[in-house]
Amino acid sequence: MSWIKDMISPKARNWEEFYRNRWQHDKIVRSTHGVNCTGGCSWNIHVKDGIVVWESQALDYPLLENSLPHYEPRGCQRGISFSWYLYSPVRVKYPMVRGALIDMFREEKEKAGDAMEAWKNIQQNPEKRKRYQKARGKGGFRRISWDEALEVIGVANIYTAKKYGPDRVVGFSPIPAMSMMSFAAGSRFLQLFGGVHLSFYDWYCDLPNSFPEIWGEQTDVGESADWYNAKFVAVMGANLGMTRTPDVHFFSESRHNGTKTVVFSPDFSMVAKYADQWVPLHAGQDGAFWMAVTHVILKEAHHENQVPYFIEYTKKYTDSPYLVELKQEDGNYTPGKLLRANRIDKYADIENGDWKFLNIDADTDEFICPPGSSGHRWQDKKGSWNLRYKDGETGEGYNPLLTLIDKNDEVLQVEFTHFEQNKKVKRGVPVRYLKTKKGKVAYTTVYDLIMGQYGVARGMAGDYPEDFTDTDRAYTPGWQEIFTGISGGTVLQFAREWCRTAEATRGKCMVIIGAGINHWYHSNLMYRAATMSLMLTGCIGVNGGGMNHYVGQEKLAPVDSWSAIMSGKDWKNPPRFQQSPIWHYMHSNQWRYDGNQADYNSVPKNDFSSQHSADLIAKSVRNGWMPFFPQYNKNTFDIAEEAKKAGATGDKGIQDYIIGQLKSGELKYSVNNPDAEENFPRVWYIWRGNALMSSAKGHEYFLKHYLGTHHNEIADEVAKEFVKEIEWKEEAPQGKMDLVVDLNFRMDTSALYSDIVLPAASWYEKADLNSTDMHSFIHPLAAAIPPVWESKTDWEIFREIARVTSEVAKVHLPGSTLDIVNVPINHDSRGEIAQTEIKDWMAGECEPVPGKTMHNIVRVERDYTQLYNKFTSLGDNVRNGLGAHGTSFNCEDYYDQLLANKPHVNTIGDRSYPSIKEDVQAIDAVLRLSSLTNGKLSERAYEAMEKNTGLNLSKLRPRNDESNCTYNDLLAQPRRLLNSPIWSGLMENGRAYSAYSLNIEHLVPWRTLTGRQHFYLDHDGYISFGEHLPTYKPSPRPEMYGDLRKTIKEGRAKLLNVLTPHGKWHIHSTYGDTLRMLTLSRGMEPCWLNEKDAEDLGVKDNDWVEVLNDNGVYCTRACVSSRIPPGICIVYHSPERTYSVPKSPSRGNRRAGGHNSLTRVHLKPNLLVGGYGQFTFGMNYWGPVGVNRDTFIYVQKMDEVKF
Amino acid sequence: MKNIKSQISIVFHLDKCIGCHTCSIACKNVWTDRKGAEYMWWNNVETKPGTGYPHKWEDQDAYKGGWEKKGDSVRLKGAGKAKGLKTLFHNTHLPTMDNYYEPWTYQYSKLLDAPEGDDQPTAEPISMITGEKITPKAGPNWDDDLGGSPEYARNDVNMKDLSPAEQETMFQLERMVMFYVPRICNHCLNPACVAACPSGAIYKRGEDGIVLVNQEVCRGWRMCVTACPYKKVYFNWHTGKSEKCILCYPRIETDQAPACMHSCVGRIRYLGVMLYDADRLEEMASCNEKDLQKKQLDIYLDPNDPEVIREAKECGIADSSIQAAQKSPVYKYVKEWGIALPLHPEFRTLPSLFYVPPLLPAMAQKNENDHYHTASSYLWEDMDNSRLPLQYLASLFSAGNTGTIRNVLKKLMSVRMHRRAVTVGDLDRNEVDKALLESGLTAEVADDIYRLTSLAKLRDRFVIPPAHREEAIEMLEETHERKGNTGFGFTKKPNRGL
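Chains as they are written, first to last, in the UniProt record's numbering: chain F, 1 to 1203; chain C, 1 to 498.
Extracted from the complex, chain F is given alone in its bound form (with noise of 0.2 Å):
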């Protein structure tokens, strides 16, 4: 082989330095995404010649347990390329303006000499304001310079105070886990303000409002090393290598160390490859799998045998022995609510006896009041909020008796509805009777209505399956073959497998599900169905186990901490926090386009559940349920005035003040009349996010809403004729917004659209904190680079805008002013045990009780010149306390060494407080105030716990209490959080953090009425929603959904149900604009068809098409392939405007827009009710979501491009 040469001689090979010398650099410093992806991945930024070249994965997290594959490297395609965007030609490097409006406002600063009367002369002059809001979108930036740009913003903050109310600034930044401290700045200077904070959890539709419904948590799930201890992983809507890349090797690993896997996609995914089997069930039809094999384990592992380990799991943690009284009309029975404690003698006095409950104890078939429930979590009386089977208020041991079959005074036929077939059933179950005065009351357990429910006969008559392969009765495997299109074999298989391997392992099996189930309208119907499985086997709560959802990066860790610098809780004010969904739904008026949810719902009929959403949302407002900013139709430092001239003094002289202007219909609700002027909300901040594009739901009408600007909507208002409580006007507003400002490092469609562009620093040029659900460990964001050309950190652009804002109040608005703000009923507060029932007082069905049957109504005093000072100090307040999710602790010594150090210590009037006003020294002072990384403080957490449970917790304590880190201790290396109550997972010793494990291991309740997991959901609007128990709704159809009452259908065009699933070459519509990622796909965000749809319409691959409903137009190259089924299309979330999107033939040759341009909201009503235990709001916690999965488009070719 003399032609194979090999070289020794160094001389001949001095030139491989060419190579050597690209590699070397400068520096290398530890940075992160703050992106909304979940990675928190630990990345090294590599600095040459003063610049960024490029990035590469930090290999040094500390290890977990050895038995556990290691958390290295972290980061995907998208991440190592962001170096791209530092000096792409899409950064923003100077503050940008509209050129429209600051034309304008330098005239008429010129005629008035004063910024104030030039703000104010534009928006009193409709055309003015028409001129520049048309202008948005098209062109004709500015450069302008940062003390124009803050002059500007400064006067449109106070004359909207002035003029409005504080509630009407309102602020999107989604995610704060991503990078909290750059959230908290935008956060913290809002509600020093007065301002709103969108939620976004919620609005996303990534919130699982079943997680709530069963276990009172937002969102709680195992960090992705546990996948490894699972056994058997069932995958459903999550494309684990699409979105979990950097998690996605331990599933891999996972499977060679004897897993099973299963995945459920309707197209052959990135993750389907990884299964063992690929379950391809018709799209958004998974609850109707998951219903058949709980089917199969109540009648094989519940009842025909009984697994000793499923049936103890099941009577110990979930509420299957809890008592429900039937409720009889005219001879017939339904499920009704939890039978209370306080409904039988011996409990009829105890303290909070509505919130206590009864079991029966098989022992002495006596009833006995378990411990642990709301009633129990709230009482004045601590230490029995626990699952010890010991009465809550006798302390007598006891044992569940979890069916009365065999110990019944009778088998009545109870009635259960199949929405899918539109039928009711009559089904045996077991009950006994208790006497009451009104006459002797049915009642039964959860767990045979469960079984009843599921159809499992169990020897009874009734309308019950005759076997598995009944197709007509719910929920057997032959049932589900219509819905899904799989055999009911392979449900067979799956059930029986499940049941072996949960049996055998003590409970790791284990569904990692995502937004791909998460989005539908009945979402939380389908994770229900999916949790019952697994609670019904004992795989909540275990390592290997549980529910885990991940769908955007909830999981900020020191929540306890973080959050009292975010919403400005050191100051002692309550923030404005408003739930999204409903915000947009009423304020960028898509309520006007819907229809009743009764008629695209499965409901039953009744008066609670025939109403439109927005009546409902209305409804929900005055009751306390769900917060609504703008408050009233006045601005609320007048109203203060006005109590004040009535004499109106104190709390309770002002919450009489306003409940009387309220009944007599002098003041009115906001939400009651969205679109009168006095109540639009006028200016908007966003950041660290695409408010506009990917996270506008409805994104055609938040243009011609709120913008006032062109778009691409032709939809029927139809909403007039079934709206009784918000006022019609005939002509919807177009316009809303006075100012939108966007904080942005590149030109995205938020910033492409918005009136003023600040450029913000990217995420290696500041300093910030990341933290993540799927690992336990914090990260830094560290500066590798200062702030490219003008751009400015969060931190420091929030903190210019509360100076510039403190200045121009000093002139318009000095002094003290005292504003009303409206705080909803709370969640782990005693607001939990607020209405027993539902009761609107506006209606007289009940007396208005603020904080009770209504809202709160709290007074806030504001002094706008100190808002600066306030926003770079820590206020005192944080000596009261500080914890989250109802566990606080003491922690005043160490705001006392924030003071001790004396560089870092700000002065206001004659009084210290600790500085932040830099970002590190905030950062500081979250990790030494939170429990997750201050060991002293996590202890004092768990102490608390215990006094609470009456639990010793004490081995959970951190072993090094003093364990504390810095933000420079991050930069040196990842830290793994500590155990702390706040969270219900426990991660000691390398353990991998499993959620609920605190509760199944140390018998701490959750935070639900029972205190234990939930099969059945006794609140009255669930009822009424026809949702107390599990069960299995078809998805609404098209037709009446209503996206498609305009658009016609023209020549080949295919009607199709389009998904927007997250995509492998972008970060929601982060990295989508990078060269390096659309280079890798194909230049764009194509719709992916299936051969035959596209052979149908005549669209061969890389074609261009429209994608089009009433709500608005997407155009793009089709992506013909194999592997989508027809009758749906994918275009992967979430492309933007701004790049390759040509103009729509079908819509008068308009620019085209993205995938939002498709979506409308609607919302599901019973998501709104509160007060009510686990049903009681909390931002991003509870309401209803911003589903988008049950869409429907045509796609038609296009003949013609034009740019």
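Hints are computed from structural coordinates only; laboratory data are not their basis. A few of these clues could be false.
Stated by the list, open to error - Dumping the calculated DSS-like pairs for lysine-lysine here, alpha-carbon to alpha-carbon at most 25 Å: (1) F:11 / C:483; (2) C:492 / F:48; (3) C:110 / F:93; (4) C:483 / F:27; (5) F:1100 / C:137; (6) F:11 / C:493; (7) F:11 / C:492; (8) F:1092 / C:366; (9) F:163 / F:111.
As the list claims (entries may be wrong) - To give a feel for the contact side, a few chain C residues facing chain F, derived at Cβ under 7 Å: (10) 137; (11) 148; (12) 375.
For clarity, every value in this text was computed on a predicted model and none was experimentally measured. Built from N, CA and C at the ideal position, the CB exists for glycine as well.
Knowing the structure of chain F, use the given hints to seat chain C on it.
Frame of chain F, contents of chain C only:
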């Protein structure tokens, strides 16, 4: 006396590959993000079935890459030195821009600069070659995830041994499947590029076998581009020289894994040293096609054999390299366990990169009611009923030998069964032992395979031999002098006078 050499070799575990392309970008960011290199992807990832990058690169009838057997020897299929000189200015089998793609960018600046108009500005795609507006119609990963499968997946060269009916069923829901094949330069033992270079610019490094194109010597003849059957040498149109994967030698020399391997988030990549007998190369490269894969294994020597160690030392291989070879994960996968196979051994270049073939979802059927049915009486389906025809994998990894593929897959499955028995205990131990026996594994070896596949830490995956740069430098100048002067590239004497 053997002629023992040390070769850095690599394993890609395809069952773990995510298809995320992080590797590609890690490489591109450092090495090919510059003028003339826009279209180069030293590391790329292909969806299979698919046609890859450049388009249908595996089709040697068209590209004439690699070697062909000629008697007891081999000769270059396309541009040999003799052939090459004749066709020096007319190299007919070179891939063209159409086979790669026309690099494009966007008019991004319009977003910031556009004057106020009557509609929204957008950044249109433009060619990086001509600056003209274009609609992209090809890219380095155009058929990603079965994108455009009628046009691409069905044209996969590896379908050749499947009947048209068999091919068509691969695109039905019940059989639908895909997986990923990441590719870098194979740093072959018998590199066709080296043999084809008229300028002698390409060489294998003596100490580690890395194949490099000397950027000072290259004259841009591009014979290497044709000769490489993997199409992993690229012509830089700006510098006029060919470039290829350098296995990140500046990183290897400093005990860091190559960028693509460092960044491999699926943790599919392993790197280590193999000792081989260079005197047997020709014999191996020229054997019958069916023996190629097995013969290649024979060439690798046992680094723990005292005889091999003695001879290796005599051949000048450093103790530290021998020690690295003893810990090499590649040796385990390739030689000890026999579960990693070379890509297209029939190209006869003896590649140093090996692939563990993927396990894929069990086959399904349509039942009598036309419902999709995937169930069996076993926890896992038998490999004989694989969703992907074994013939297809055999075309990629064993020159058509399906028996080899079946053996590997059976081994992988028996490891899983064994681990299931250990961790869950719901399988019949006798069945598991039988499966192990049939696949030629013991429980101990199965545990070893499991550990290296699942639990391997960074240092287990990448066992990099020390480069002993001090010795190489010493051959030019005193190493302590280099310590003081390295990096000072700009030290030219001034030109005095006019």
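Tested hints:
The hinted pair formed by residue 11 of chain F and residue 483 of chain C meets the criterion: a straight-line CA distance of about 17 Å does not exceed 25 Å. For a cut-off of 25 Å, the pair hint linking residue 492 of chain C to residue 48 of chain F stands: about 23 Å separates their Cα positions. A hinted pair counts as satisfied when its Cα atoms are at most 25 Å apart, and residue 110 of chain C with residue 93 of chain F qualifies at roughly 15 Å. A C-alpha spacing of about 19 Å is found between residue 483 of chain C and residue 27 of chain F, which places the hinted pair at or below 25 Å, so the restraint holds.
For the hint pairing residue 1100 of chain F with residue 137 of chain C, the CA-to-CA distance comes to about 12 Å; that is within 25 Å, so the pair holds. Simply put, residue 11 of chain F and residue 493 of chain C have alpha-carbon atoms about 21 Å apart, close enough for the 25 Å limit, and the pair holds. The hinted pair formed by residue 11 of chain F and residue 492 of chain C meets the criterion: a straight-line CA distance of about 19 Å does not exceed 25 Å. Note on residue 1092 of chain F and residue 366 of chain C: the hinted pairing holds, with a Cα-Cα distance of about 19 Å set against a maximum of 25 Å.
Note on residue 163 of chain F and residue 111 of chain F: the hinted pairing holds, with a Cα-Cα distance of about 22 Å set against a maximum of 25 Å. Interface hint status for residue 137 of chain C: upheld, as the beta-carbon distance to the closest one in chain F is roughly 6 Å, under 7 Å. This hint holds: residue 148 of chain C has a C-beta 4 Å from the nearest C-beta of chain F, less than the 7 Å allowed. Because the closest C-beta pair between residue 375 of chain C and chain F is about 4 Å apart, less than 7 Å, the hint holds.
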